[in-house]
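Now for the letters of each chain:
2 protein chains.
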Amino acid sequence: MSSTRLSREKIAAAALAIADAEGFASVSMRRVAQKLRVGTMTLYYYVKTKAELIAAMDDALMADLVAPFLPKDWRKALTVIALRTREVFMRHPWALASLQSAPPGVNAMRHMEQCLQALSETGMTARQKFTLLALIDDFVFGYALRETAGDPDVDIDLVRKQLATGVFPRLAETFGEGRVPATPDRFRLGLEALFTSATKRTIGRAARTRAN
Amino acid sequence: MSSTRLSREKIAAAALAIADAEGFASVSMRRVAQKLRVGTMTLYYYVKTKAELIAAMDDALMADLVAPFLPKDWRKALTVIALRTREVFMRHPWALASLQSAPPGVNAMRHMEQCLQALSETGMTARQKFTLLALIDDFVFGYALRETAGDPDVDIDLVRKQLATGVFPRLAETFGEGRVPATPDRFRLGLEALFTSATKRTIGRAARTRAN
DNA sequence: CTCCGTTTCGTACAATGTACGACGACATTT
DNA sequence: AAATGTCGTCGTACATTGTACGAAACGGAG
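Line order of the protein sequences matches chains X and H.
With the numbering used here as the guide, the letters of the first sequence map in order to residues 4 to 215.
With the numbering used here as the guide, the letters of the second sequence map in order to residues 4 to 215.
The hints are simulated quantities; they were obtained by calculation from the structure and are not laboratory data.
One should not assume that every hint holds.
Straight-line distance between alpha carbons at most 27 Å, and here's what the computed DSSO-like set of lysine-lysine pairs gives [stated by the list, open to error]: (1) Lys164/H - Lys51/X; (2) Lys53/X - Lys53/H; (3) Lys53/X - Lys164/H; (4) Lys13/X - Lys75/X; (5) Lys203/H - Lys164/X; (6) Lys53/H - Lys203/X; (7) Lys51/H - Lys164/X; (8) Lys51/X - Lys75/X; (9) Lys79/X - Lys203/X; (10) Lys13/X - Lys51/X.
For clarity, every value in this text was computed on a predicted model and none was experimentally measured.
Kindly generate the complete structure, drawing on both the sequences and the hints.
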């Protein structure tokens with residue numbers, strides 16, 4: 004695995020392996036260097052700072068966002084990509100947080116390119132395409148973020164205590180009695196909502212153009 | 004500011020003040036303790052771990068999500084809340100990342116309660132309400148996350164280099180020539196899309212119910 | 001051999017979270 | 001009054017982290 008020379012990519016891969024195997028928190032410079040059988044400070048020849056390493060990890064992950072094949076229907080195509088995206092980021096929740104300090108890399112660009120490709124046959128404006136894609140990524144990332152948030156350790160006692168105070172009548176009504184109102188696959192619903200609204204905008208514009 | 008006894012809330016407030024004034028990175032136990040004129044380890048009497056402090060900060064922030072007054076129209080009401088949410092999280096981007104390790108607190112519950120209140124006059128099922136609210140928060144949080152991501156320091160040279168390789172024809176087409184395809188207020192568009200799709204679902208169900 | 005760029009890495013340091021246990025203040029019991 | 005206990009405070013110590021600095025090893029060109 005570490006035969007030829009070092010490189011930023013190989014370092015990122017090693018770090019990624021550690022994150023998967025031992026958790027993101029155990030990704031330290033020393034640990035990565037150890038895994039690569041290299042002095043700690045050697046890493047700093049390829050990477051200016053740890054933040055840069057993490058950015059590289061993020062971008063490495065994003066390689067998995069691009070799908071090998073795309074359905075012709077743009078809705079189906081974007082759905083495929085969105086499902087992949089969700090999958091990737093729910094398996095690596097730390098990548099969401101890291102995004103904030105990681106500028107877009109090559110694989111993020113590949114992702115965008117593929118999304119644009121999926122929309123190439125539609126009659127959308129460049130701006131319309133970017134709007135739709137931004138909306139979808141907003142939704143997908145947000146979904147992954149919230150879905151991987153504090154769920155493991157909700158303070159059930161705290162919640163019960165608060166519900167008992169009567170300050171949350173509507174919450175208590177639907178939570179206290181019966182089942183948790185979990186929604187089956189709101190993910191698809193969200194995507195569909197964005198699709199149809201974008202479609203409406205597109206044909207709206209087309210009609211206006213035709214009218215001139 | 005620190006007259007009476009200490010409390011988890013007062014500690015969270017102090018930490019929040021530091022985060023606002025000096026950046027989230029400078030929120031250390033020692034720094035917070037110093038601001039409160041207290042020994043560092045004193046904090047640990049009120050807070051089991053730093054993660055818990057951050058969770059408290061997150062929840063303190065969420066107090067600002069609840070609006071003082073709500074329009075009667077549920078669409079307008081949810082829009083008001085969503086705008087507040089966006090505002091809060093774009094002013095405190097670290098809170099998004101912290102969400103992942105912060106279980107929902109009292110103010111998160113207040114937020115949910117208010118959202119449910121906004122939907123109380125609609126004919127929606129409990130499940131429909133929760134679906135819509137989850138979708139909206141997904142979108143809003145995702146929007147804030149991506150909007151506060153790596154933008155400050157895009158490696159413009161890296162991007163140009165890559166675009167020049169010709170591997171990104173569609174990206175190059177819309178980015179290289181002319182203006183950056185920034186979309187004006189996709190935020191509203193996203194909200195509207197989710198609103199109308201939820202409306203359609205609601206009246207769909209109502210019709211089906213009536214038919215029986 | 002000398003020289004110089006590239007690549008490797010050992011040492012050292014400052015900062016962090018927090019485990020541990022001591023210390024005082026105050027209330028309650030004897 | 002004395003003893004006991006709970007509550008709150010905090011100093012010290014330690015392991016772990018990112019990384020600045022500069023020294024070595026290496027390899028090709030002259």
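*Hint numbers the structure violates, sorted upward?*
4, 5, 6 and 8
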